[in-house]
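Same order as they appear, the protein sequences are chains D and X.
To convert, note that position 3 of the first sequence is 2 in numbering that gives the first Met the number 0; the numbers rise steadily by one, no gaps.
To convert, note that position 95 of the second sequence is 94 in numbering that gives the first Met the number 0; the numbers rise steadily by one, no gaps.
A few of these clues could be false.
[As the list claims (entries may be wrong)] Dumping the calculated EDC-like pairs for lysine to aspartate or glutamate here, alpha-carbon to alpha-carbon at most 16 Å:
hint, chain 1, residue 1, chain 2, residue 2
1, D, K273, D, D45
2, X, K221, D, D310
3, D, K273, D, D310
4, X, K143, X, E108
5, D, K143, D, E119
6, X, K221, D, E160
7, X, K273, X, E108
8, X, K318, X, D32
9, X, K273, X, E96
10, D, K221, X, D32
11, X, K98, X, E108
12, D, K221, X, E108
[Unchecked claim] Output of the computed footprint for chain D on chain X, the stretches with three or more beta carbons under 8 Å from beta carbons of chain D:
hint, stretch
13, 94-103
14, 187-193
15, 264-273
Quick caveat, the hints were computed from the structure, so don't treat them as lab data.
Think of the CB as a built atom: it goes at the ideal place given N, C-alpha and C, for glycine as much as any other residue.
Number of protein chains: 2
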Amino acid sequence: MYIRFARLGAMTLVVAWFSAAAAQTDPLPSWNDGPAKQAIVAFVTDVTREGSPDFVPPPERIVTFDNDGTLWIEQPIYVQFAYALDRVKALAPQHPEWKDTQPFKAVLEGDMAALGAAGEKGAVAIVAATHAGMTPEEFRQGVKEWLATARHPRFGRRYDELVYQPMLEVLAYMRANGFKTYIASGGGAEFIRAFAEERYGIPSEQVIGSRIVTRFERRDGKPILFRMPQVDFVDDGPGKPVGINQVVGRRPVAAFGNSDGDLEMLQWTTEAGKRTLGVVVHHTDAEREYAYDRQAHVGKLDKALDAATVDRWTVVDMKRDWKTVFPVRP
Amino acid sequence: MYIRFARLGAMTLVVAWFSAAAAQTDPLPSWNDGPAKQAIVAFVTDVTREGSPDFVPPPERIVTFDNDGTLWIEQPIYVQFAYALDRVKALAPQHPEWKDTQPFKAVLEGDMAALGAAGEKGAVAIVAATHAGMTPEEFRQGVKEWLATARHPRFGRRYDELVYQPMLEVLAYMRANGFKTYIASGGGAEFIRAFAEERYGIPSEQVIGSRIVTRFERRDGKPILFRMPQVDFVDDGPGKPVGINQVVGRRPVAAFGNSDGDLEMLQWTTEAGKRTLGVVVHHTDAEREYAYDRQAHVGKLDKALDAATVDRWTVVDMKRDWKTVFPVRP
Numbered sequence: 000m001y002i003r004f005a006r007l008g009a010m011t012l013v014v015a016w017f018s019a020a021a022a023q024t025d026p027l028p029s030w031n032d033g034p035a036k037q038a039i040v041a042f043v044t045d046v047t048r049e050g051s052p053d054f055v056p057p058p059e060r061i062v063t064f065d066n067d068g069t070l071w072i073e074q075p076i077y078v079q080f081a082y083a084l085d086r087v088k089a090l091a092p093q094h095p096e097w098k099d100t101q102p103f104k105a106v107l108e109g110d111m112a113a114l115g116a117a118g119e120k121g122a123v124a125i126v127a128a129t130h131a132g133m134t135p136e137e138f139r140q141g142v143k144e145w146l147a148t149a150r151h152p153r154f155g156r157r158y159d160e161l162v163y164q165p166m167l168e169v170l171a172y173m174r175a176n177g178f179k180t181y182i183a184s185g186g187g188a189e190f191i192r193a194f195a196e197e198r199y200g201i202p203s204e205q206v207i208g209s210r211i212v213t214r215f216e217r218r219d220g221k222p223i224l225f226r227m228p229q230v231d232f233v234d235d236g237p238g239k240p241v242g243i244n245q246v247v248g249r250r251p252v253a254a255f256g257n258s259d260g261d262l263e264m265l266q267w268t269t270e271a272g273k274r275t276l277g278v279v280v281h282h283t284d285a286e287r288e289y290a291y292d293r294q295a296h297v298g299k300l301d302k303a304l305d306a307a308t309v310d311r312w313t314v315v316d317m318k319r320d321w322k323t324v325f326p327v328r329p
Numbered sequence: 000m001y002i003r004f005a006r007l008g009a010m011t012l013v014v015a016w017f018s019a020a021a022a023q024t025d026p027l028p029s030w031n032d033g034p035a036k037q038a039i040v041a042f043v044t045d046v047t048r049e050g051s052p053d054f055v056p057p058p059e060r061i062v063t064f065d066n067d068g069t070l071w072i073e074q075p076i077y078v079q080f081a082y083a084l085d086r087v088k089a090l091a092p093q094h095p096e097w098k099d100t101q102p103f104k105a106v107l108e109g110d111m112a113a114l115g116a117a118g119e120k121g122a123v124a125i126v127a128a129t130h131a132g133m134t135p136e137e138f139r140q141g142v143k144e145w146l147a148t149a150r151h152p153r154f155g156r157r158y159d160e161l162v163y164q165p166m167l168e169v170l171a172y173m174r175a176n177g178f179k180t181y182i183a184s185g186g187g188a189e190f191i192r193a194f195a196e197e198r199y200g201i202p203s204e205q206v207i208g209s210r211i212v213t214r215f216e217r218r219d220g221k222p223i224l225f226r227m228p229q230v231d232f233v234d235d236g237p238g239k240p241v242g243i244n245q246v247v248g249r250r251p252v253a254a255f256g257n258s259d260g261d262l263e264m265l266q267w268t269t270e271a272g273k274r275t276l277g278v279v280v281h282h283t284d285a286e287r288e289y290a291y292d293r294q295a296h297v298g299k300l301d302k303a304l305d306a307a308t309v310d311r312w313t314v315v316d317m318k319r320d321w322k323t324v325f326p327v328r329p
């Protein structure tokens, strides 16, 4: 009797061990089992197994991730836009004329309708006032300082804590399998570089984004780069494959996005006549985050949702597929 | 007597062993001992030794190399220019009008004076005719095919065999010490990507260079990038720091160049108030390669030679410092 119980106890222990081992080796613990998780794991397994017909040599294991809405929150407004608005407010005392000048007046008065009416010209004026007139190092330092104090209006947390835990696991999982993880964002490269290494483990040389004109000059006798109030390159939509080629010089074998701004990147990556992975994060969780797609003003997902069917991309249903959304302790 | 000789023999053996070990561990065997070799080794040793006041953490170990005249030959004309001229000749049968149109007429007749007179406008026309109208992959393939058949007029060897053996050793030595080796060239990034991995061990994502406009489009239903006949970015002179920041997002801690086109890159790298390394390859060897500097039409080294004194860059005297110039068997 004693022996039987002892055996049972030992077996239970062994089962517990195996479960623990399985849990420990699950590379994507924040993902529910389902087609999205399976598709990601199957792809990584297929292309990294020596002798597989789909084997991809390590130097070609390039994967690109959109940032806003794919790696971190983008609602109710892009984080970089929140930064620009806060900067306008911070700089306003040095610019008394802004009280009567659009688009600055609209920002200072919180008049989003007037700000919208200022259109692209208004947006460029705000970028010029908040993103130019300094070195890249100074700009990044300003972003870091802002991230340390700014809080998301709904979640009350630092913006760079509102990264997606399941996507952090994908980044780590793919890197552990020899992938080089790149960001390809419509946002500014220097903005993202301010936190990408710390939050995503992605070094500055793996951040591709939009750029303003930057000029070499001497200031106080020292050679520096200086950010000019002029857009140089928009890394969005059809610009994403162009930006990726400029920096990487290779076509990715996998790409993750969440909006129509990622359409061409996903097409270019996956319509290549070989084993590839295209993933679209679909925001379906109004309770834990936001639910939006075809009608959204920010992060509109319409053409890319249709293309997902045509090109057989994996659509992540945030509500169904993610056990958690944000890191508990980032 | 027997014992004494045996001892002597053993000692000789030991000495031979030590010499062999020293030879094996010399990371720069094609460099003569002297100030240039010493400066490179001292820098690498200082910034990689844990606890050193000059220690540089691995992610910041970025080193940039000019290509033409620094990693491979640039005389009597830039290799990429030789490619463009050969392409014009190869394409001429499809363009009968070129017989009477400059700058093509000059190329076909070998009239270098008329070609020079066509100036920048002529150069752009040649770039448009030979570098645009195809995908980046097609362009690189064309460069590879050309490299396989073209021969240098003086040395009779493939152009990509006329890389500098001592510099290949510097690349390998710095990589072995945790440096990420980048090319920062005034030449075209896609041109260099055609051979950089194979010849230098530098992958495409570590090649920074000039660019022509590239556009995303669909051809035969497939998403591609297409090279347009328009200059996008010139990665030369003050453009080099800009291009490095676009791609790497960090200031290098070491830079190697050979001409005034590298001046700003070297200044930006070394005038940083910390331990850095600036190296200028001075072509002083008319016998084994070429001798040129202040008066050169290609690879002019004038301002950067003066700046080398001011900024205490290491000037490599090719004749004095290099045991060999080109690889024996590349």
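Tell me the hint numbers this structure goes against, listed in increasing order.
Hint check: 4, 5, 6, 7, 9, 10, 12, 13 fail, others pass.
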